[in-house]
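Visitor: Using the sequences and the hints, build the whole thing.
As they're listed, the protein sequences go chains A and B.
With the working numbering, letter number 153 in the first sequence gets 153, and the count goes up by one each step, no holes.
So the number in the working numbering is just where the residue sits in the second sequence, counting from 1, plus 1000.
Everything labelled a hint here was simulated from the structure, so no lab data went into it.
Check the hints yourself; a few may be wrong.
[Said to hold, decoys possible] Each computed DSS-like pair below joins lysine-lysine, with the alpha-carbon atoms no more than 27 Å apart: (1) B:Lys-1076 x B:Lys-1203; (2) B:Lys-1017 x B:Lys-1239; (3) B:Lys-1169 x B:Lys-1220; (4) B:Lys-1039 x B:Lys-1085; (5) B:Lys-1039 x A:Lys-114; (6) B:Lys-1017 x A:Lys-403.
[As the list claims (entries may be wrong)] Simulated DEER-style distance windows between Cβ atoms: (7) A:Thr-16 x B:Asn-1206: 24 to 32 Å; (8) B:Lys-1092 x A:Arg-626: 42 to 50 Å; (9) A:Thr-106 x B:Gln-1033: 24 to 32 Å; (10) A:Asn-67 x B:Gly-1234: 39 to 47 Å; (11) A:Thr-16 x B:Ser-1218: 18 to 26 Å; (12) B:Gly-1234 x A:Gln-47: 54 to 62 Å; (13) B:Lys-1180 x A:Gly-627: 31 to 39 Å; (14) A:Arg-626 x B:Pro-1130: 26 to 34 Å; (15) A:Arg-542 x B:Gln-1033: 21 to 29 Å; (16) A:Gln-47 x B:Lys-1040: 40 to 48 Å.
[Unchecked claim] Calculated Cβ distances over 12 Å to all of chain B for the following chain A residues: (17) Ala-10; (18) Ala-329; (19) Gly-354; (20) Val-357.
Glycine is no exception: its CB is placed at the ideal position from the N, C-alpha and C atoms.
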Amino acid sequence: MAATRTASRACEIFTTLEYGPAPESHACALAWLDTQDRHLGHYVNGQWLKPEHRSSVPCQDPITGENLASCLQAQSEDVAAAVEAARASLENWSTQPGAIRAQHLTRLAKVIQKHQRLLWTLESLVTGRAVREVRDRDVPLAQQLLQYHAVQAHTQEEALAGWEPMGVGSLDSSVLNYLLPPGCTVVVLVPPASPTPLLLAQLAGELGPFPGILNVISGPASLGPVLAAQPGVQKVAFCGAIEEGRALRRTLAGWVPELGLALGAESLLLLTEVADVDSAVEGIVDAAWSDRSPGGLRLLIQEAVWDETMRRLQERMGRLRCGHGLDGAVDMGARGAAARDLAQRYVSEAQSQGAQVFQAGSEPSDSPFFPPTLVSDLPPASPCTQAEVPWPLVVASPFRTAKEALAVANGTPRGGSASVWSERLGQALELAYGLQVGTVWINAHGLRDPAVPMGGCKESGSSWHGGQDVSNHLPAWGEGGFWAGAALTHPHPSSSCSPAPPYGLFVGGRFQAPGARSSRPIRDSQGSLQGYVAEGGAKDIRGAVEAAHQAAPGWMSQSPAARAALLWALAAALQRREPNLVSRLERHGVELKVAKAEVELSVKRLRAWGARVQAQGCALQVAELRGPVLRLREPLGVLAIVCPDEWPLLAFVSLLAPALAHGNTVVLVPSGACPIPALEVCQPVDMLTMPLCLSPHQGSQFVEWASAGNLKPVWVNRGCPRAWDQEAEGAGPELGRRAARTKALWLPMGD
Amino acid sequence: MSAHQQGTELDLSWISKIQVNKPAVLRRAEQIQARRPVKKEWQAAWLLKAVTCIDLTTLSGDDTASNIQRLCYKAKYPIREDLLKALNMHDKGITTAAVCVYPARVCDAVRALKAAGCDIPVASVATGFPAAQTHLKTRLEEIRLAVEDGATEIDVVINRTLVLTGQWKGSDFIKTSTGKETVNATFPVAIVMLRAIRDFFWKTGNKVGFKPAGGIRSAKDSLVWLSLIKEELGDEWMKPELFRIGASTLLADIERQIYHHVTGRYAAYHDLPMS
Chain A
1 MAATRTASRA
11 CEIFTTLEYG
21 PAPESHACAL
31 AWLDTQDRHL
41 GHYVNGQWLK
51 PEHRSSVPCQ
61 DPITGENLAS
71 CLQAQSEDVA
81 AAVEAARASL
91 ENWSTQPGAI
101 RAQHLTRLAK
111 VIQKHQRLLW
121 TLESLVTGRA
131 VREVRDRDVP
141 LAQQLLQYHA
151 VQAHTQEEAL
161 AGWEPMGVGS
171 LDSSVLNYLL
181 PPGCTVVVLV
191 PPASPTPLLL
201 AQLAGELGPF
211 PGILNVISGP
221 ASLGPVLAAQ
231 PGVQKVAFCG
241 AIEEGRALRR
251 TLAGWVPELG
261 LALGAESLLL
271 LTEVADVDSA
281 VEGIVDAAWS
291 DRSPGGLRLL
301 IQEAVWDETM
311 RRLQERMGRL
321 RCGHGLDGAV
331 DMGARGAAAR
341 DLAQRYVSEA
351 QSQGAQVFQA
361 GSEPSDSPFF
371 PPTLVSDLPP
381 ASPCTQAEVP
391 WPLVVASPFR
401 TAKEALAVAN
411 GTPRGGSASV
421 WSERLGQALE
431 LAYGLQVGTV
441 WINAHGLRDP
451 AVPMGGCKES
461 GSSWHGGQDV
471 SNHLPAWGEG
481 GFWAGAALTH
491 PHPSSSCSPA
501 PPYGLFVGGR
511 FQAPGARSSR
521 PIRDSQGSLQ
531 GYVAEGGAKD
541 IRGAVEAAHQ
551 AAPGWMSQSP
561 AARAALLWAL
571 AAALQRREPN
581 LVSRLERHGV
591 ELKVAKAEVE
601 LSVKRLRAWG
611 ARVQAQGCAL
621 QVAELRGPVL
631 RLREPLGVLA
641 IVCPDEWPLL
651 AFVSLLAPAL
661 AHGNTVVLVP
671 SGACPIPALE
681 VCQPVDMLTM
691 PLCLSPHQGS
701 QFVEWASAGN
711 LKPVWVNRGC
721 PRAWDQEAEG
731 AGPELGRRAA
741 RTKALWLPMG
751 D
Chain B
1001 MSAHQQGTEL
1011 DLSWISKIQV
1021 NKPAVLRRAE
1031 QIQARRPVKK
1041 EWQAAWLLKA
1051 VTCIDLTTLS
1061 GDDTASNIQR
1071 LCYKAKYPIR
1081 EDLLKALNMH
1091 DKGITTAAVC
1101 VYPARVCDAV
1111 RALKAAGCDI
1121 PVASVATGFP
1131 AAQTHLKTRL
1141 EEIRLAVEDG
1151 ATEIDVVINR
1161 TLVLTGQWKG
1171 SDFIKTSTGK
1181 ETVNATFPVA
1191 IVMLRAIRDF
1201 FWKTGNKVGF
1211 KPAGGIRSAK
1221 DSLVWLSLIK
1231 EELGDEWMKP
1241 ELFRIGASTL
1251 LADIERQIYH
1261 HVTGRYAAYH
1271 DLPMS
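Guide: Pasting the structure below:
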């Protein structure tokens, strides 16, 4: 009987030549869920934690709606327990030599390899994503990341001593990888009904000697701040939606943990007229319709190839296959009702704003699937153009010239990743350098490697991980950063005349009078008048920032040698003024010996950063890619720096030098209590801009809170003085890291 | 083979405008091999389709009438009758698309096929195969003689000197290689060729056929080739009029896979008739 059925079908398929199902068995995933009686709790300190009296949510197959398991929702006590476990195991884990940690992580990588089928079937089963991507990309990448960072654990020994446990807001397996090797322990809060991270934690826990280094709790996003507020949590990394990240930034402003954000999922593809259009179409498929990326794609097409590209794209869309994620021949699975509704809302809105929508095939409204969708002719000013493109949409718009392409591409608050498709090397590189994003692929899209850092700029967040940026525990910078010393003093308004010559505001290379036309006295340690400095106001700051922006392109394009020359010239000028500066510092109450040392050290700092200008970027060699990946260090743009009161000259120089060395322009507020040495320094410089005596009313907390508006990265001292005279804190790599942003530029090679 | 095409004015700007990004094509070639697995009944049906697209080939210096005869018989009965019966495909006239031999063996092939009572076309490589570095006159004569002997399809090796100096000529059917090169039919090269076929079809409405040859030995390979055609060109190209696989040992592996599908066991080579 069976044979007859088989036979008749073969005959039919011979004519239709259709694809058949190619299901992956998910028996092992179900078997694993059965070991937990289909009831998942949290995995803390090497054990399952299943507290009573908690609500639970069902974990469902997004396609069939079948209940797979129920997952407990954590409450704050559970979070506290997890953080306690992480804290307890920190002592053991962080004091292990790097070699031991490396060994442990390598073993974890091996365990992932052993259980890869379980991992990929479980992940595909519960998320609905095409198993192919999970199997061929995610799982191997997780394993490679662990191996890569295990090796890094050796080299990072001394640089990363003394870090404490960290909470992690949401799971991206790569986040684990850059935290564990340096000796941190981790608490991961995953959204409800995500069993894969729990499985990963179980595998790690069962490995033995360090059970508490990875703890996973599942619960609602509202627990994020609770987790971050736990004592001992030093760093919070959050991957998710932009608005959630913004809210978290506000909530955590002024708190102890450092917050790293990796937000949004939209990507960009820039297709020029000299591109291999067919390959670019495959790039679009990779970017938006292959379950690789969580977000949608903005597509910019040069006018000359618009029609050709649209035709090929629509033809290609007709061959995409949507279906059950566990089918090996499926391109796109389903992502659940929320993602589908989001996409549907965007499509309806775009249509109402006059856009053309093309979908290959149609899905009934109650289907769990959403077809690949191409949106075009969206008016540039419509709200949809500004909004983040959701999965699985591609929003195409034309451009005329490369210059216009850059303007359009950069005219969005998001800056995650982008690819450039052009066979003209010069053009491709120019576009790649000009794009304000974290990663650029040339003639490819979505390549990943553990050796290459991943991150973004602008609202896509400033958290970098992977590669050399592994040690970047504290968030790096986005454009227009803000460095602030928190110990800001309120000004002492005064309008009295003075015998001492007043210092103006140093803006755009000239001293000028402040807008408020008022000065304030600076008194020495005995209370006698030392001089008057200009009292800057909001208007002056505006002018200064404008001047800095004007100077930015010129300074940025200076060669490293020219930048080094300026820093060295500054050093020489400082040296010439040494007696004057020493006496200034002395009058401020600094001992002669210390004052001399401070000036000398300041000179040294300037020279050192001048020398470091030369070596900033590097090329990485990546497995399975012919050609290099360039790790570029790009200036952030205009930096606002508020100097602290300690070490008035040295802190000023230590902050200024790396900022200038990396090609930034700065708006700088010198120490409120002792600004004059800084003003002495800036005389020979025509690159920086400096209003004086800015008076924000709050310190670190305000700065962090305010940064949530546009998610500019900030770096604050939280009122703790830094040891500027120490090499590590005053001139360490951290300063350099914060003064520029990384861009990974992938250059596949081949004729 | 498809009917001879009207052709179109040669416009070399089509060629000069084409951009091919090699790393991207290589990635696509890798993807295509992992993205469309075909299993179970689908696999059996697809493999039978592959059989009907095979140009069953022998191009050896020591070919004689007897092995040509064996080849022709295998072309007529590519899959064991009982296996086809189990699949209910025994009355669908499953044969290979053609047999492909050297010009001097065309006579033998035509005779053997006639004796077997079938009208499978005989294809012949001609024109100074495989290097084509002979005079145009002898190349044309070679074709004429092969056709006189009864060959109905000629695989012409183009003069690559002309190509490399930019003097292109049109064609009804394009082939990856002679099968005698160190590197023959590879997926990246095929992707570029298939895209060119599609572009030409879009521009002129003419369907050019495609034949990968050389190195295609496993049933799995043939499935990938079929899915590559399906993905890049569409179902209408998945027929012997527009798609051929030049192969000699491929058929044996396909037959083994079908044996396995039907019986659940793997066949030893002696279980299946040789070609």
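Visitor: Of the numbered hints stated earlier in the document, which are not met by this structure?
Guide: 1, 2, 3, 15, 17, 18
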